[in-house]
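Student: Chain B: place on chain A using the hints.
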Amino acid sequence: MRVTQYIVKRLLSTIPVLLVVSVFVFLLVHLAPGDPAITILGPDATVEQIEQLRVELGLDAPLYQQYVSWMSGVLKGDMGESVFAKRPVLDLILQHLGPSFSLAVLSLAVAILIAVPLGILAARKRGSLADQMFMSLSVLGISVPHFVLGLLLISLFTVRLGWLPIGYKPPSSGLLVHLQYLLMPAITLGVGLAALIARMTRASMIETLSMHFIKTAKAKGLRERAVVYKHALRHAFIPVLTVIGQSFGLVLSGALVAETIFNIPGMGQLIFNSMQRRDFLVIQGLILFVTFLYVLINLIVDLLYCVIDPRVRLDRK
Amino acid sequence: MGKHRLNRERNRRLLNRMLANRSFVTGSILTLLMIALALFAPLIANHDPYEMDVVNRLSKPDAGNWFGTDNLGRDVFSRVVYAAQSSMGVGLTATLITGALGLAVGLFAAYYKFLDHLLMRICDGLMAMPVILLAIFIVATLGAEIRNLIIALTIVYTPTIARIISSAAIVVKEQTYIEAVRSQGASNPRIIWRHIMPNTLSPLIVQATFIFADAIILEAALSFFGAGVPAPTPSWGNIIYDGKNVIYNAWWMTVFPGATIILCVLGLNLFGDGLRDLMDPHTVKK
Chain A
1 MRVTQYIVKR LLSTIPVLLV VSVFVFLLVH LAPGDPAITI LGPDATVEQI EQLRVELGLD
61 APLYQQYVSW MSGVLKGDMG ESVFAKRPVL DLILQHLGPS FSLAVLSLAV AILIAVPLGI
121 LAARKRGSLA DQMFMSLSVL GISVPHFVLG LLLISLFTVR LGWLPIGYKP PSSGLLVHLQ
181 YLLMPAITLG VGLAALIARM TRASMIETLS MHFIKTAKAK GLRERAVVYK HALRHAFIPV
241 LTVIGQSFGL VLSGALVAET IFNIPGMGQL IFNSMQRRDF LVIQGLILFV TFLYVLINLI
301 VDLLYCVIDP RVRLDRK
Chain B
1001 MGKHRLNRER NRRLLNRMLA NRSFVTGSIL TLLMIALALF APLIANHDPY EMDVVNRLSK
1061 PDAGNWFGTD NLGRDVFSRV VYAAQSSMGV GLTATLITGA LGLAVGLFAA YYKFLDHLLM
1121 RICDGLMAMP VILLAIFIVA TLGAEIRNLI IALTIVYTPT IARIISSAAI VVKEQTYIEA
1181 VRSQGASNPR IIWRHIMPNT LSPLIVQATF IFADAIILEA ALSFFGAGVP APTPSWGNII
1241 YDGKNVIYNA WWMTVFPGAT IILCVLGLNL FGDGLRDLMD PHTVKK
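Residue numbers (the numbering used here), protein chains in the order written: chain A, 1 to 317; chain B, 1001 to 1286.
Keep in mind that the hints are not guaranteed to be accurate.
[To be verified] Distance windows between CB atoms, simulated:
1. A:Ala203 <-> B:Ser1167: 11 to 21 Å
2. B:Ser1187 <-> A:Phe292: 20 to 30 Å
3. B:Leu1118 <-> A:Lys218: 50 to 60 Å
4. A:Leu27 <-> B:Ala1100: 17 to 27 Å
5. B:Leu1118 <-> A:Phe292: 14 to 24 Å
6. B:Arg1057 <-> A:Glu207: 50 to 60 Å
7. A:Thr216 <-> B:Ala1020: 50 to 60 Å
Hint data in this document are derived by calculation from the structure and do not stem from the laboratory. Ideal Cβ positions, reconstructed from N, Cα and C, are used throughout, including at glycine.
One chain only, chain A, in its complex shape (with noise of 0.2 Å):
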């Protein structure tokens, strides 16, 4: 029953947020310079011309007019039609969604097998070299840019070796195939999440290993391996969850670069596009869409916390 009221009371409070941002995309959209119905028509239309479309896409009335039939149909699950599409908003977000998902899942996945492992053998051989060489990769992993390394992974895989292929097949082509293709994209920004994971891992083994019922645990007899992985892991996780919770914002971010550095036809490459094509609906619904998402995660996250400790209660502060 506490876990429904908290789940309603966190979803509650996402309104405002998603409304600042609403407003802030939606102002920031039309006031822009350029005119959306010059752009679609191009340079040749007549005057007639654009003032029927901009009628047709409701441009003539007032701002805060077009900014309230817009919201309450994205409340009712309409978010307009792409002027390039031809097709609701929604569904080409939702088209594009998958291999943003498959992306953003792989990224994540190839960080924590990654980072967790390093994390914890870091901690364990705290001080060593083996540890200081860990600090230093870590710090070089998150100081390298997302599209530096994506370039220099084609220009190695793609262009030198010829191993690896770029572009996007989906997963009814084969899941190996699937993953081919999604490799680099992957390890391109894996990399940057896993040196943050991997930090924090180490850190909170550290601090949870010097705890009195690790000492106990290992009083009692216990194996070493028995006390790390079993004992002190499940309680150094949390803040580790934290920051993979926060990776999914970054992932999101990183996605348009490596969308489009590696030409997949993820919701990166639908706003890039979009913008360029000044499709103001799909703008405005992909980021409002995205932001969404990202407060879902954090929700989905903290809910997390439950399962990994029973002593965290729901209603804090």
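Tutor: Frame of chain A; chain B shown alone:
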């Protein structure tokens, strides 16, 4: 006399701690190197970064052109050196404005309860959007100029600083000495400025360093999408942008500016890490 001795002793201990912190030292060296690159660019570069030599376009690195030439025959080494000015200049300006703005917003939000909710909601909203999306969006809307680039970076990063300052300020506000000063009749602005603000400065400086590093990456990423420093002014990002289409034959247009970005950001991150360790009274290095 005793006071001077104590001060010197304290300063020497601080210096020793600073020198013992490897992150801080390495970071400082790298950062100073980059700053020197920007300041002494005319002395370090051996060609004019704008001079085109179309006959020699896209030529490999050699004795004459250490980093090769780009698609218009311009010397990449000189462009990378001069790019330090624009990339770091944009980053630094954005960081300074962000710091000042974030400090003001954070302090006011912490001190005046009614402002807190409004400002923090706006910050949450802005922070909920993926950073690069927000930045590209702002620049695409306002137009690709350096001024708009700085505006975009400021809008993106100010909420983060505001939140950090606000959290720190709230903690300070509850301390007894603030109550004491207030009961002595100090006005609100004076309390905020003289008593609360100084204690929020250390997290501000540390975070500002990381934001500087982030801003450099973001400027480069924006340039990569054609939304950064406009041509022909070189920035590390737009050299990579120019080299994007010729990466198959001209790897030097990606590798050299890329490596420079990595070194600069690495330096700033290490410096910030070291600074944070030094300022935090709780960290004890073994």
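Student: Evaluate the given range 50 to 60 Å for the C-beta pair formed by B:Leu1118 and A:Lys218.
Tutor: Since the Cβ atoms of B:Leu1118 and A:Lys218 sit about 52 Å apart, the hinted range of 50 to 60 Å holds.
Student: Taking 17 to 27 Å as the hint, is the beta-carbon distance of A:Leu27 and B:Ala1100 inside that range?
Tutor: holds (24 Å)
Student: Quick check on a hinted range of 20 to 30 Å for B:Ser1187 and A:Phe292, using CB atoms only.
Tutor: Distance hint for B:Ser1187, A:Phe292 is violated at roughly 44 Å.
Student: Hint says 14 to 24 Å; check whether the CB-CB distance for B:Leu1118 and A:Phe292 agrees.
Tutor: Distance hint for B:Leu1118, A:Phe292 holds at roughly 21 Å.
Student: Does the Cβ-Cβ separation between A:Thr216 and B:Ala1020 fall within 50 to 60 Å?
Tutor: violated (35 Å)
Student: For the pair A:Ala203 and B:Ser1167, does the Cβ-Cβ distance stay inside 11 to 21 Å?
Tutor: holds (20 Å)
Student: If I claimed the Cβ atoms of B:Arg1057 and A:Glu207 lie 50 to 60 Å apart, would that claim hold in this structure?
Tutor: Between B:Arg1057 and A:Glu207, where Cβ atoms are some 56 Å apart, the hint holds.
In summary, the numbered hints that this structure violates are 2, 7.
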